[in-house]
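Trainee: In case you want the letters, here they are:
2 protein chains.
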Amino acid sequence: MCGEVSPAALGSEVQISGWVQAVRMDKFIILRDRTGLCQVNVSDEEHKDITKLSNESVVTLVGKVVMRPEGQENPSMGESGKVEIELRQVLDVSEAADQLPIQQNHHILPKEEIRMQYRYLDLRRKHLQDIMKFRSDFVMKMREFLTSSGFLDIETPTLFRRTPGGAKEFIVPTRIQDRYYSLVQSPQQFKQLLMVGGLDRYFQIARCYRDEGGKPDRQPEFTQVDIEMSFADRETILELTEQLIASAWPHQLNIPLPRLKYQEVMQKYGSDKPDLRYDNEIQLVTECFKASNFPILDNNLGTNDNIAGLIMFESNDKNNSKLVKKVGEESKKSLKDHTEYYSSAELKIISPVVVKDGQIVNNAVLKKCAPAVKEALEAKLSCADGIGFLVFGPQDFVMPVLGKQRTLLAKDIYKDLEQRDQKMFWVIDFPMFLYEEGVLESAHHPFTAPHPEDYHLLRINPLKCRSLHYDLVLNGQEIGGGSVRIHNSADQKYVLQEILGADISELSHLIQALEMGCPPHAGIALGLDRLIAILTGANSIRDVIAFPKSAEGKDLMAGAPAQITDQQKEMYFIKS
Amino acid sequence: MCGEVSPAALGSEVQISGWVQAVRMDKFIILRDRTGLCQVNVSDEEHKDITKLSNESVVTLVGKVVMRPEGQENPSMGESGKVEIELRQVLDVSEAADQLPIQQNHHILPKEEIRMQYRYLDLRRKHLQDIMKFRSDFVMKMREFLTSSGFLDIETPTLFRRTPGGAKEFIVPTRIQDRYYSLVQSPQQFKQLLMVGGLDRYFQIARCYRDEGGKPDRQPEFTQVDIEMSFADRETILELTEQLIASAWPHQLNIPLPRLKYQEVMQKYGSDKPDLRYDNEIQLVTECFKASNFPILDNNLGTNDNIAGLIMFESNDKNNSKLVKKVGEESKKSLKDHTEYYSSAELKIISPVVVKDGQIVNNAVLKKCAPAVKEALEAKLSCADGIGFLVFGPQDFVMPVLGKQRTLLAKDIYKDLEQRDQKMFWVIDFPMFLYEEGVLESAHHPFTAPHPEDYHLLRINPLKCRSLHYDLVLNGQEIGGGSVRIHNSADQKYVLQEILGADISELSHLIQALEMGCPPHAGIALGLDRLIAILTGANSIRDVIAFPKSAEGKDLMAGAPAQITDQQKEMYFIKS
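Going line by line, the protein sequences match chains A and B. Residue numbers for the first sequence follow the numbering used here, beginning at 1 and rising by one. Residue numbers for the second sequence follow the numbering used here, beginning at 1001 and rising by one.
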């Protein structure tokens, strides 16, 4: 291959194929394939035509490997830059049109629409080819680890039935009137049923489907590394996963990874997936506002869970004020759901903070407070110049807002973020349930087992009951999650029916299975696309998928989704 | 694990989990997991309750490994049959209901509907567990071979757009009105585009979808081992595939495999996927019927491609007449399409043949012919007692009918068929196009390249043009197929538009890609489910799939396909 031609082959005749990267001085063809570049010397007049080929044409040639004349080596090509190939014979030519929409020898990338429309040209870029190779290697190493640990690679169906609450499931009409498959969001039910079936160690690199209706950086189909194990407790799965990841990790990975409690990360970072490449903990400053003389604070702080929180970043940029304004707007936008939900709260203030020479300047809230408040706050600052936010309101509002602002500020302030050491850790001891719009919902999914220390709370105070769910977090992104599962049919029925109010007829097969000899079991799923994107420093998960869809779920290359024929609609008993 | 307890662990305390296979004499529990069985001795009164558990309950126990008393060893259990575990502690119990619908210690299998409804119980059978392990191992060996040969494992989308002639494609409505994804029947377009993209060696164990509308032994989703390679010719792919299969094959595989030509297998066996575990070639006996004095034969044989063919099997069974009648009916039924298509042919006779002591007895056609015909035919018989068929008509009718009868007769007559040596070989030199209901259609798919020896025929007599398609046949079943692809846009356009009359707007992205520097390339796809079924001696591909669907495409366990909500229909702009 092109990158493999070297002085070791000196004097021998080789057959070589590749894309014309460039033609120089009507005499030298730079040929490219996945392995690299090599130079072909066309001295023979007979073959001169080949130097007229447009870039990106494909040729197969025979020639003799010779040393380049002294001074003409190209060290940037590596070994193949020391030699060139004297053309003897042209075996095959597949000409490319002139002026392709993406040229490999241009340094500026076309915009993403063009790249997606001509994805086959975009894929010729070394960066994407290296990612595809990295992904293939990474997955293979994981497979090697899992199979050698006694796990069986078992394929499960993607055409399944709707599940309770399956609002994000794509549907697939069938030839039976008014009956639809649903595309699975994950193999969750199947992998649990495999455990009931005695196939005690399962894994699958599984294609999953979720109709997010066009969220950026989501794909309608995605891939997860899916694992389930019988007779395993939480620690077994955490250790297994750590070893699995370490086996494929491109660098040394220090395991065991830290295990942080949900309660702790929420309090320190306002997020269940904080980015720990920087510290910047949230400070609770409710005490500073005692007797503030600002009525809305004095009337509310300390009641109904209302608190005051502060997040600060050191920064002496001249644009601090602009930045804090921009982040304030971004965080409001991204927290729209939260702010709407809490619109009923009496207290709800987000106040940007700019610190200069140890002084908080121009703060709208502090202006209305007694001077002692400002002094008390300033005593808590860890930097002389910086920006941040003060947030007041119910704890469930304040902490996520500060958590979001923490992430946004770090992105703007820490320019070296992507060069910092990766930070991976577990979050454990999640709550089993959360209040969502006034009703209890599973914090993760309804098959999650309660924490044994809180089992007594399941039936009397489920909101206080922790679960055996765990999340794996890398650089502030959730890259995996799993749990010990409920394996007792009475508990499973109680959770589904009494707590969540679900229609259990849609899950009767699973509940029945739990009554037929179900082992305790636990598992995990890792989001492969995101994991690879982080590891390869890709800008988007679209860069780690060979043929991604746009944010609107469109394939811009072939034009999917598309219209179908009337016959197809008739066959599937549907009308548009 | 249960099957791993052995005298090597003598005296040590072990923790063991498994399913209660049986309880004997209120004292011995036989515990089972995927690895085997072991016996637990419950002598302590304190734990007697555990012997009351119903079969298939799951327990986790601690006990001490001791030798069984002399004479009580169970050699059928292997090493674990030499010892037993003295129960010390019961750690966990998950009780099973009484009288499960599938009991592991019963020897008669329930009917398939029950097995599919309670698939998680059926999966506890050793036979199915062994198949799942075999499949996992087999696929892993293939992956090892391919990755070590420089192939990249690249995932391609399953949500795509409709393709020309995509009548068997499932559709997936989207949130864009009247726009549908189609589920891919194979990654064909994507893998060719990867070649254009310079990712020159691709493989994927790919999930594919085809709506066959309830054909037995087909599944709406299935798996293929999908491979594509740039700068490869036919022989490269045949050799690569042979090495790939040999690397995973459970026994010694003699490669290279035979390469048979389409023309040859059609003439000898009346099928492009003949079963060569037996010889039984078709004989052309048109000559025997010269001057038969039977007008319909004398008027037609020798004209319009009309021929007479004979297939014979040695058999001295008393039920020969019954068998030949049965096979005659089966073959007629399975060839309904053929016989209807040829209903316009003047000559079309299928005549069962029974041979006793070298004489053809009671043959309806021969009765109407001159005696010399019977004598001439009998001179051609290779057995004294046997059965078979005489078929008269156009060659395209006679050969497939005889081929079908050859397969059906062998199934009834060769009782040792499944014990015979497996026969795998390539069929090459297929025609590019076939007449189907009066129009030219691709014999395989429209991306198949013409045979270089016939390239001049492509534009003047396409029906005579052979292609570079190849099929891999094992024991009379097609287990794979592929081809060298067209990589020239003018040829691709000509085939699609001029020969097949397709709407090329639906493939414009592919044609355009061929104009942007497309390397010559070739590939193959192997049907994994069928291959595993043959290798494991499974009765059906349903036995090699963890959660198969019924012949009607139903998941009998969870009840898929199912009704969906009105909100879902609204969201996808569809009405039933």
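Note that these hints are calculated values from the structure, not bench results. Heads up, a few of these hints could be off.
Mimicking DSS-like on lysine-lysine, the simulated pairs with C-alpha atoms at most 27 Å apart in a straight line are [what the hints assert, rightly or not]:
{"no.": "1", "chain 1": "A", "residue 1": "Lys168", "chain 2": "B", "residue 2": "Lys1141"}
{"no.": "2", "chain 1": "A", "residue 1": "Lys569", "chain 2": "B", "residue 2": "Lys1141"}
{"no.": "3", "chain 1": "A", "residue 1": "Lys569", "chain 2": "B", "residue 2": "Lys1290"}
{"no.": "4", "chain 1": "A", "residue 1": "Lys82", "chain 2": "A", "residue 2": "Lys126"}
{"no.": "5", "chain 1": "B", "residue 1": "Lys1111", "chain 2": "A", "residue 2": "Lys575"}
{"no.": "6", "chain 1": "B", "residue 1": "Lys1126", "chain 2": "B", "residue 2": "Lys1111"}
{"no.": "7", "chain 1": "B", "residue 1": "Lys1569", "chain 2": "A", "residue 2": "Lys575"}
{"no.": "8", "chain 1": "B", "residue 1": "Lys1569", "chain 2": "A", "residue 2": "Lys141"}
The calculated label-pair distances, taken between Cβ atoms and stated as ranges, are [claimed, not checked]:
{"no.": "9", "chain 1": "A", "residue 1": "Ala490", "chain 2": "B", "residue 2": "Gly1328", "range": "56 to 62 Å"}
{"no.": "10", "chain 1": "A", "residue 1": "Arg218", "chain 2": "B", "residue 2": "Lys1332", "range": "53 to 59 Å"}
{"no.": "11", "chain 1": "B", "residue 1": "Asp1130", "chain 2": "A", "residue 2": "Asp566", "range": "45 to 51 Å"}
These stretches of chain A come out as covered by chain B in the derived footprint (C-beta under 8 Å, 3 or more residues) [said to hold, decoys possible]:
{"no.": "12", "region": "92-99"}
{"no.": "13", "region": "141-153"}
{"no.": "14", "region": "270-280"}
{"no.": "15", "region": "348-357"}
{"no.": "16", "region": "389-396"}
{"no.": "17", "region": "553-559"}
A virtual CB, placed ideally from N, CA and C, is assigned to each residue, including glycine.
Trainee: Run every hint past the structure and note whether it holds.
Mentor: Each hint, compared with the structure:
{"no.": "1", "hint": "A:Lys168 to B:Lys1141", "verdict": "36 Å, violated"}
{"no.": "2", "hint": "A:Lys569 to B:Lys1141", "verdict": "42 Å, violated"}
{"no.": "3", "hint": "A:Lys569 to B:Lys1290", "verdict": "55 Å, violated"}
{"no.": "4", "hint": "A:Lys82 to A:Lys126", "verdict": "21 Å, holds"}
{"no.": "5", "hint": "B:Lys1111 to A:Lys575", "verdict": "38 Å, violated"}
{"no.": "6", "hint": "B:Lys1126 to B:Lys1111", "verdict": "17 Å, holds"}
{"no.": "7", "hint": "B:Lys1569 to A:Lys575", "verdict": "10 Å, holds"}
{"no.": "8", "hint": "B:Lys1569 to A:Lys141", "verdict": "42 Å, violated"}
{"no.": "9", "hint": "A:Ala490 to B:Gly1328: 56 to 62 Å", "verdict": "60 Å, holds"}
{"no.": "10", "hint": "A:Arg218 to B:Lys1332: 53 to 59 Å", "verdict": "54 Å, holds"}
{"no.": "11", "hint": "B:Asp1130 to A:Asp566: 45 to 51 Å", "verdict": "48 Å, holds"}
{"no.": "12", "hint": "92-99", "verdict": "holds (count 5)"}
{"no.": "13", "hint": "141-153", "verdict": "holds (count 4)"}
{"no.": "14", "hint": "270-280", "verdict": "violated (count 0)"}
{"no.": "15", "hint": "348-357", "verdict": "violated (count 0)"}
{"no.": "16", "hint": "389-396", "verdict": "violated (count 0)"}
{"no.": "17", "hint": "553-559", "verdict": "holds (count 5)"}
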